[in-house]
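Peer 1: For reference, the chains in residue letters:
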Amino acid sequence: MGARTLTETGTETGTETGTEIGDIAAGRLDATRLAENFADAHPPLTPAQAVVEANRCYFCHDAPCVEACPTGIDVPSFIRKIATGNPRGSARTILEANILGGSCARVCPTEELCERACVHTAQEHKPIQIGALQRHATDWLMAQGTAPFARAAATGRKIVVVGAGPAGLACAHGLARHGHDVTIFEMRPKPGGLNEYGIAAYKVADDYAQREIAFILTIGGITIEYDKALGRDFTLDTLRRDFDAVFLGLGLAGVNALGLDGEEFTSVRDAIDFIAELRQMPKDSVAVGRRVVVIGGGNTAIDAATQARRLGAEEVTIVYRRGPEHMTATGKEQQWAQTNNVRIRYWAAPTCLFGEETTLTDVEFARTKLDPSGQLTLTDETFVLTADMLLKAIGQTFVSTPIQRADDVPAVRNGRIVVDAERRTTLPGVYAGGDCVPGADLTVTAVQDGKLAAAAIHRQLIG
Amino acid sequence: MANLTANFAGIRSPNPFWLASAPPTDKAFNVARAFKAGWGGVVWKTLGEDPPIVNVSSRYGGVSYNGTRVAGFSNIELITDRPLQVNLDEIKQIKRDWPDRAVVVSLMVPCTEDSWQRILARVEDTACDGVELNFGCPHGMSERDMGSAVGQVPEYVEMVTRWCKQHTRMPVIVKLTPNVTDILAPAAAAKRGGADGVSLINTLQAITGVNLDLMAPEPVVDGLGSHGGYCGPAVKPIALRMVADIARAMPNLQVSGIGGISVWRDAAEFIALGAANVQVCTAAMHRGFKIVEDMIDGLANWMDDKSWPSIEAMRARAIRNYVHWSDLNLNYKTVARIDQDLCIKCGLCHIGCEDTSHQAIAALRVDGQRRYEVIDAECVGCNLCFLACPVDGCITMVRQNTEAAVLTWDHHPNNPLRKEAAA
Ligand SMILES: Cc1cc2nc3c(=O)[nH]c(=O)nc-3n(C[C@H](O)[C@H](O)[C@H](O)COP(=O)(O)OP(=O)(O)OC[C@H]3O[C@@H](n4cnc5c(N)ncnc54)[C@H](O)[C@@H]3O)c2cc1C
Ligand SMILES: Cc1cc2nc3c(=O)[nH]c(=O)nc-3n(C[C@H](O)[C@H](O)[C@H](O)COP(=O)(O)O)c2cc1C
Ligand code: SF4
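Those protein sequences? They're chains L and H, same order as listed.
If you read the first sequence in this note's numbering, its first letter stands for residue 377, the second for the next number, and so on.
If you read the second sequence in this note's numbering, its first letter stands for residue 6, the second for the next number, and so on.
These are calculated hints, taken from the structure and not from any lab test.
A portion of the hints provided could be inaccurate.
Non-contacting residues of chain H with respect to chain L, defined by C-beta distances greater than 10 Å in every case (computed) [unchecked claim]:
#1 L93
#2 G228
#3 A254
#4 N257
#5 V411
#6 H417
Label pairs and their calculated CB-CB ranges [unchecked claim]:
#7 H:V215 with L:A519: 23 to 29 Å
#8 L:T408 with H:V59: 54 to 60 Å
#9 L:A652 with H:D299: 55 to 61 Å
Distance condition first, Cα-Cα at most 20 Å in a straight line; then the derived SDA-like pairs of lysine to any residue [stated by the list, open to error]:
#10 H:K295 with H:F34
#11 L:K502 with H:D346
#12 H:K350 with L:R492
#13 H:K295 with H:A37
#14 H:K350 with L:V442
#15 H:K350 with L:N431
#16 H:K350 with L:A444
#17 L:K708 with L:Y578
#18 L:K579 with L:P658
#19 H:K338 with H:V403
#20 H:K350 with L:H437
#21 H:K338 with H:D415
#22 H:K350 with L:E500
#23 L:K502 with H:V396
#24 H:K350 with L:F435
#25 L:K502 with H:L347
#26 H:K350 with H:Q374
#27 H:K350 with L:R456
#28 H:K350 with L:H501
#29 H:K350 with L:E488
#30 H:K350 with L:E443
#31 L:K502 with H:N71
#32 H:K350 with L:G448
#33 L:K579 with L:Q711
#34 L:K502 with L:E487
#35 L:K579 with L:Q710
#36 H:K350 with L:E487
#37 L:K502 with H:P395
#38 H:K350 with L:H496
Note that the Cβ used here is the ideal one computed from N, Cα and C, for glycine as well.
Turn these sequences into a full structure, and let the hints steer you where they fit.
Peer 2: Set out below in structure tokens:
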């Protein structure tokens with residue numbers, strides 16, 4: 377299955393000696409190109425392809441893919457059900473373990489998870505397309521418009537979830553299934569967290585995040601209140617008083633800064649903000665530079681760079697201070713950026729931002745290396761990239777102020793909320809999961825946290 | 006290069022690959038295309054008396070297995086639905102155009118000597134190479150006391166064969182139905198009647214599937230279905246056994262092997278079990294006549310590799326090793342061996358043995374890694390894991406006791422009727 381590639385208009389100009397500076401504009405590509413560039417990057421399998429692919433599965437015993445899935449989806453079972461013509465059963469098998477199975481099918485780095493563990497990878501380097509099959513089954517069920525699971529009889533228990541991201545939604549759904557009443561407080565005007573504001577547009581095309589949430593909410597018993605922020609509109613103390621249990625799915629609200637002069641130039645932005653704007657606004661209204669430099673080595677850097685190209689930026693360069701093997705973006709993601717004509721430069725870090733008045737013009741970099749003790753150090757060797765726009769993607773951080781405005785506060789260590797195996801914080805009745813707790817920052821791990829917390833809360837309340 | 010010339014019942018063909026009597030051989034148009042593609046012979050689609058029969062629409066059913074289409078195939082067609090003279094004229098022309106190929110004509114008429122005598126005279130006029138008596142068709146014709154209704158009664162088989170031998174000088178082949186409990190009975194009857202050879206198998210009575218929306222057996226004709234004749238790859242093992250039984254019991258009876266033959270290796274297996282040539286239907290209907298190119302080429306290359314100079318040289322070579330169960334060596338012991346370097350950790354060897362057999366493969370974790378190990382003392386050498394393992398060469402069955410003397414059931418101490426006990 378081929379991924380769609382970038383389409384451009386116009387011919388390359390002599391960009392090395394660009395004449396204008398601060399060339400930032402919206403609508404660099406016409407509407408058709410933009411629509412193509414932000415459509416589904418990996419179109420769904422046809423029903424025939426799905427059956428052929430499903431029939432490749434060996435139905436392994438103690439299947440390695442199940443173990444590799446953070447939510448432990450029974451992969452061989454759901455695939456067999458596709459092969460036998462039981463799509464409803466297949467989707468339910470998936471959603472039983474992972475209520476956001478549709479999103480995960482689209483956004484999971486499967487090459488690092490289930491598909492890497494697939495025995496076909498060992499046999500012929502051609503794993504079963506687990507993600508694509510998972511999408512096939514969940515899409516089928518969503519198209520039926522019926523909820524996969526029924527809600528148990530109401531228990532009268534009230535639980536509050538803070539944050540309507542993947543962690544919060546998974547927790548809320550698990551609790552609602554047990555018959556509890558869930559209120560979600562979400563500070564933004566829309567639900568979904570980074571599924572709605574962060575994930576690359578072409579991974580969740582056609583408003584998928586919102587459609588999936590509507591599907592999840594059909595279970596009933598979940599109320600979402602928007603523009604309600606913990607620490608501003610209420611505190612952890614009041615939540616603990618008013619509800620039987622609390623789940624925190626706060627994500628990462630902060631970003632790291634470069635700490636360089638010139639960071640205040642107008643076109644020096646956090647990649648996260650640029651992506652959020654791109655997810656929320658019509659694509660032809662999102663401004664992008666002609667020459668864009670992205671700093672960072674994770675998925676955020678890849679997504680910002682690739683989407684800048686797809687908006688029409690002519691030259692996009694990711695600069696990362698270490699080597700390809702150190703990037704948190706997977707090999708496949710790096711390749712994806714490169715097939716989108718994004719250049720990746722390794723072993724360099726920005727040292728100076730140049731500009732005229734409020735406008736960025738150039739970025740100076742020093743080459744880096746590891747000193748004998750293994751510490752990353754700057755060398756004297758420097759180079760300069762001309763840039764209209766710089767996107768910072770050097771990491772997000774957990775902001776603990778919202779939980780700290782309370783008498784009793786859960787423990788935070790190494791910048792994340794401390795939780796045990798059941799996702800209990802150190803504060804009785806308060807649970808947490810997703811990016812705000814330690815572990816891989818992925819949609820699928822956030823879902824698992826929410827699922828485990830829901831199970832633990834239910835046990836706490838019902839025994 | 007191996008000599009692929011075949012000689013079945015005195016009929017020679019440049020290679021052993023014939024098309025069986027069926028739609029592929031129903032018209033000159035198809036047969037000419039088949040000969041152009043390289044087929045060594047055809048058995049013309051069964052002729053009957055005028056007026057021709059009438060076929061239904063919706064005629065075939067198929068079995069798809071794990072995405073593999075036409076693993077089994079069935080039909081509810083009858084014999085040719087074209088007037089007799091049209092067929093005879095075309096047969097005559099084809100034989101004239103393709104003198105080196107075998108052209109045999111399949112026949113089915115009511116069970117009276119008169120009927121057989123009349124049609125044989127007209128067929129002889131085509132200068133074809135022989136006739137095949139269709140005693141096999143298990144549906145539609147059998148209800149009219151033809152086809153398998155004859156083939157299931159050895160006395161009728163013998164009687165009709167004898168009539169035909171009396172009324173023609175052409176070689177007479179008797180096509181046998183597998184819808185019997187003992188295939189040797191009709192084969193022996195054909196032999197007694199003077200047949201020059203037998204061909205088998207015709208199709209097996211079957212229902213390929215049920216349309217669960219219409220609640221009717223497939224293929225569905227206007228909401229109803231009847232049983233059909235089953236063939237294709239799924240029936241090959243059944244056909245092999247029947248061919249082998251005849252070859253073992255009646256080494257002098259010429260046999261044409263039919264049933265699920267799709268590739269050269271299938272043909273080699275039939276020949277090894279005694280067939281003098283083979284006939285193909287489903288595989289050609291599924292993929293067209295071009296498949297014969299690899300059948301010829303593959304068989305010749307394999308025969309060259311194995312130094313078999315001719316079909317006749319390798320024919321029936323496996324028959325001497327086809328014995329009764331009581332002749333098998335009970336002292337022969339194998340156990341499964343897993344090549345850990347090739348193992349991909351699918352666990353299928355373990356779960357099959359654990360759930361359904363002998364609990365002889367341990368599922369271990371060594372440093373967190375899966376490891377499947379055979380417990381020799383529990384392994385009975387059944388082959389299940391070896392068959393289930395998806396990796397070629399990963400599991401092998403290794404002989405254990407090369408020293409032990411041969412011990413058969415006839416001599417086994419557990420056998421109350423053993424030879425020594427009787428003595
Ligand atoms: C650019 C980018 C691309 C990514 N791509 C992928 C990918 O391809 N695949 C993948 O698996 N993962 C990806 N991730 C990671 C993934 O999106 C996150 O791991 C996941 O969304 C975490 O879910 P969460 O529920 O913990 O947090 P979030 O999704 O961040 O949701 C937190 C929610 O809480 C709300 N909130 C925060 N504070 C408060 C408060 N005080 N009061 C009320 N509400 C509050 C927020 O508004 C938000 O809605 C990506 C992340 C980024 C930034
Ligand atoms: C559609 C169809 C029609 C057939 N018609 C006849 C027939 O008229 N006479 C006959 O002797 N056998 C007939 N057969 C049986 C085939 O000749 C052959 O014996 C059988 O299909 C097994 O071979 P295969 O597995 O290669 O198909 C027919 C088979 C099929 C599929
Ligand atoms: S050969 Fe049979 S008994 Fe032995 S390990 Fe394999 S499946 Fe088990």
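Peer 1: Taking the hints in turn, state whether each one holds.
Peer 2: Cross-check of the supplied hints:
In this structure L93 of chain H is separated from chain L by more than 10 Å, as the shortest Cβ-Cβ distance comes to about 45 Å. Taking the minimum C-beta to C-beta distance to chain L, about 23 Å, the non-interface status of G228 of chain H holds against the 10 Å cut. Once the 10 Å rule is applied to beta carbons, A254 of chain H is consistent with being away from chain L; the minimum gap is 41 Å. The claim that N257 of chain H is not at the interface with chain L holds, since no C-beta of that chain comes within 10 Å of its own (minimum 46 Å).
Every CB of chain L lies more than 10 Å from the CB of V411 of chain H, the least distance being 37 Å, so the non-interface label holds. Every C-beta of chain L lies more than 10 Å from that of H417 of chain H, the closest at about 36 Å, which supports listing it as non-interface. At roughly 28 Å, the beta-carbon separation of V215 of chain H and A519 of chain L lies within the given 23 to 29 Å, and the hint holds. Range check, T408 of chain L to V59 of chain H: about 58 Å between beta-carbon atoms, so the 54 to 60 Å window is met.
A C-beta distance of roughly 59 Å is found between A652 of chain L and D299 of chain H, which places it inside the suggested range of 55 to 61 Å. Using a Cα cut-off of 20 Å, the hinted pair K295 of chain H and F34 of chain H holds, with the two alpha carbons roughly 15 Å apart. Between the alpha carbons of K502 of chain L and D346 of chain H the distance comes to roughly 18 Å, so the proposed pair stays at or under 20 Å and holds. At roughly 13 Å between alpha-carbon atoms, K350 of chain H and R492 of chain L fall within 20 Å of each other, so this suggested pair holds.
Of the supplied pair hints, the one linking K295 of chain H and A37 of chain H holds, its CA atoms being roughly 13 Å apart against a limit of 20 Å. As the CA atoms of K350 of chain H and V442 of chain L are separated by approximately 13 Å, the hinted pair is consistent with the 20 Å bound. For the given pair, K350 of chain H sits about 18 Å from N431 of chain L by alpha-carbon distance, which is consistent with the 20 Å threshold. Distance restraint check for K350 of chain H and A444 of chain L: the Cα-Cα separation of roughly 14 Å lies within the 20 Å cut-off, and the hinted pair is therefore satisfied.
A threshold of 20 Å between alpha carbons decides the hint, and for K708 of chain L with Y578 of chain L the separation of about 16 Å falls inside it, so the pair holds. Note on K579 of chain L and P658 of chain L: the hinted pairing holds, with a Cα-Cα distance of about 17 Å set against a maximum of 20 Å. Restraint check for K338 of chain H and V403 of chain H: the C-alpha separation of about 8 Å stays at or below 20 Å, so the hint holds. For the hint linking K350 of chain H to H437 of chain L, the alpha-carbon distance of about 9 Å falls within 20 Å, and the restraint holds.
Distance restraint check for K338 of chain H and D415 of chain H: the Cα-Cα separation of roughly 18 Å lies within the 20 Å cut-off, and the hinted pair is therefore satisfied. At most 20 Å may separate the alpha-carbon atoms for a hinted pair to count; K350 of chain H and E500 of chain L meet this at roughly 13 Å. Of the pairs offered as hints, the one joining K502 of chain L and V396 of chain H holds, with about 14 Å between alpha carbons and a cut-off of 20 Å not exceeded. Using a Cα cut-off of 20 Å, the hinted pair K350 of chain H and F435 of chain L holds, with the two alpha carbons roughly 12 Å apart.
For the given pair, K502 of chain L sits about 16 Å from L347 of chain H by alpha-carbon distance, which is consistent with the 20 Å threshold. Between the alpha carbons of K350 of chain H and Q374 of chain H the distance comes to roughly 9 Å, so the proposed pair stays at or under 20 Å and holds. Of the supplied pair hints, the one linking K350 of chain H and R456 of chain L holds, its CA atoms being roughly 18 Å apart against a limit of 20 Å. Taken as a hint, the K350 of chain H and H501 of chain L pair is honoured in the structure, with Cα atoms around 14 Å apart against an allowance of 20 Å.
With a CA separation close to 18 Å, the supplied pair K350 of chain H and E488 of chain L stays within the 20 Å bound. With a CA separation close to 13 Å, the supplied pair K350 of chain H and E443 of chain L stays within the 20 Å bound. Among the hinted pairs, K502 of chain L with N71 of chain H is consistent with the structure: their alpha-carbon atoms are about 19 Å apart, no more than 20 Å. The straight-line distance between the Cα atoms of K350 of chain H and G448 of chain L is roughly 18 Å, inside the 20 Å bound, and the hint therefore holds.
Taking the CA atoms of K579 of chain L and Q711 of chain L, the gap is near 16 Å; set against the 20 Å cutoff, the hint holds. At roughly 11 Å between alpha-carbon atoms, K502 of chain L and E487 of chain L fall within 20 Å of each other, so this suggested pair holds. At most 20 Å may separate the alpha-carbon atoms for a hinted pair to count; K579 of chain L and Q710 of chain L meet this at roughly 15 Å. For a cut-off of 20 Å, the pair hint linking K350 of chain H to E487 of chain L stands: about 18 Å separates their Cα positions.
Pair hint K502 of chain L plus P395 of chain H holds up; C-alpha atoms about 14 Å apart against a cutoff of 20 Å. With a C-alpha separation of about 10 Å, the suggested pair K350 of chain H and H496 of chain L falls inside the 20 Å cut-off, and the hint holds.
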